[in-house]
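Those letters in the sequence shown? Residues 1285 to 1626, per my numbering, in order.
Rather than coming from a laboratory, the hints here were simulated on the basis of the structure. Please read these numbers as outputs of a predicted model, since none were measured by experiment. Please note that a few of the clues may not be correct.
What the hints assert, rightly or not - Computed Cβ-Cβ distance ranges for the label pairs, DEER-style:
no., residue 1, residue 2, range
1, Tyr1510, Ser1286, 45 to 55 angstroms
2, Tyr1510, Lys1337, 20 to 30 angstroms
3, Asn1461, Leu1288, 14 to 24 angstroms
4, Ile1607, Gln1512, 18 to 28 angstroms
5, Arg1563, Ala1541, 19 to 29 angstroms
6, Pro1396, Gly1507, 46 to 56 angstroms
7, Gly1507, Ile1607, 30 to 40 angstroms
8, Ala1609, Asn1461, 17 to 27 angstroms
9, Met1402, Asn1533, 41 to 51 angstroms
For each residue, glycine too, the CB sits at the ideal point set by N, CA and C.
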Amino acid sequence: MSKLPDHVGIDFGNYSVKAVELGNIKSKPSLIAFGSQSIPAGVLNSEEQGNQKKLSGALKSLYRGAGIRNKKVVLAIPESAVFTRYITLPGLKENELETAVFFKAKQYIPIPIEEVQMSYVVLGFDEIKNSYNILLVAAPRKTIDLYLNIVGQAGLEPLAIETESIAIGRAIYRSTNIKHMVALDFGSKTTDVSVMYDGRMIFSQSIAIGSDSMTQALVNQFGFEYAQAEQYKRNYGVTPNILENKIYNSLKPILDAMLVEVQRGIEFYKTTTLTPPPRDFFLAGEGALLPGLPEYIQTTFGINARVGDPWINIDVPKKLEPIVAKNKPNFAVAIGLALKEF
1285 MSKLPDHVGI DFGNYSVKAV ELGNIKSKPS LIAFGSQSIP AGVLNSEEQG
1335 NQKKLSGALK SLYRGAGIRN KKVVLAIPES AVFTRYITLP GLKENELETA
1385 VFFKAKQYIP IPIEEVQMSY VVLGFDEIKN SYNILLVAAP RKTIDLYLNI
1435 VGQAGLEPLA IETESIAIGR AIYRSTNIKH MVALDFGSKT TDVSVMYDGR
1485 MIFSQSIAIG SDSMTQALVN QFGFEYAQAE QYKRNYGVTP NILENKIYNS
1535 LKPILDAMLV EVQRGIEFYK TTTLTPPPRD FFLAGEGALL PGLPEYIQTT
1585 FGINARVGDP WINIDVPKKL EPIVAKNKPN FAVAIGLALK EF
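Construct the complete structure from the given sequences, taking the supplied hints into account.
Below you can see the structure in the form of structure tokens.
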């Protein structure tokens, strides 16, 4: 494997695109530049040329505003657009894996195999079962082409593409050195749950419930304007005994529905790998800043839950420290992409 040159991590979200450029990532990473640029609602993942032009325009604005000059980028595609599967392949020699994975993939990928870009990672070898443990990852070619087109229109050079969960896992592992953990990425439309071991993703699942669902619950129950509901959510979250528990009781059913799916994913991982589930949960994404969320998850699952801080062990210039402090979990994906070495 060849080492990637210095590059910028690019993270596309439903409402913004983020970028992080780091230096000296092999030993002591340092922040060179970073920033975020809002994008119009509904343009992400759109195949319309006009919407793709808006995204490339947002990228150009982000580069100008953040003072980023490096044109080489590594970008992520949403977990909801990616197929991942943990599989076991018994009785094979190493040189037979590629062919076996290809035929196994046909059983699990719901679209024609020729329409996806596929790769796999060997997670280990079970000597007792004489079986390889494999993580299969596949993404629709049209989705990859869409993102490549956007960064190309912005005048940038893509070096690699990976999933958001892989990037988050790298960032959190680098900042904590905790081997076995769950990463929960709270996005606006989805919540992604990933199990990591030694910084590698070995299970992932995208849940179609995000922080927007909580905002909408407040709109529906109290008749708030959307912006007002968003402010109430961010101010009070699921902290009990505030405002007669009205906000808490409104958000709780949405959060509970989300956590039921998280639990199902963890149970699937447990039964598939015959491995005890991790005891450490790290929260990422803008939704991770919901007041009371870590405590609620910790009580629900009886585990250790905390907001992830991907900036730990990264040298940040003094003038940027106040900005970084307000957005610690928001840049986890972009930081993970910027830390990619190979």
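How the hints compare with the structure:
1. Tyr1510 / Ser1286: 45 to 55 angstroms: holds, 47 angstroms
2. Tyr1510 / Lys1337: 20 to 30 angstroms: Since the Cβ atoms of Tyr1510 and Lys1337 sit about 27 angstroms apart, the hinted range of 20 to 30 angstroms holds.
3. Asn1461 / Leu1288: 14 to 24 angstroms: Roughly 22 angstroms apart at Cβ, these two residues keep to the hinted range, so it holds.
4. Ile1607 / Gln1512: 18 to 28 angstroms: Given range 18 to 28 angstroms: holds, Cβ gap about 26 angstroms.
5. Arg1563 / Ala1541: 19 to 29 angstroms: Holds - the Cβ-Cβ distance for Arg1563 and Ala1541, about 23 angstroms, lies within 19 to 29 angstroms.
6. Pro1396 / Gly1507: 46 to 56 angstroms: holds, 47 angstroms
7. Gly1507 / Ile1607: 30 to 40 angstroms: Since the Cβ atoms of Gly1507 and Ile1607 sit about 35 angstroms apart, the hinted range of 30 to 40 angstroms holds.
8. Ala1609 / Asn1461: 17 to 27 angstroms: Taking Cβ atoms as reference, Ala1609 and Asn1461 lie about 22 angstroms apart, which means the hint holds.
9. Met1402 / Asn1533: 41 to 51 angstroms: Given range 41 to 51 angstroms: holds, Cβ gap about 45 angstroms.
Violated hints: none; the structure is consistent with every hint.
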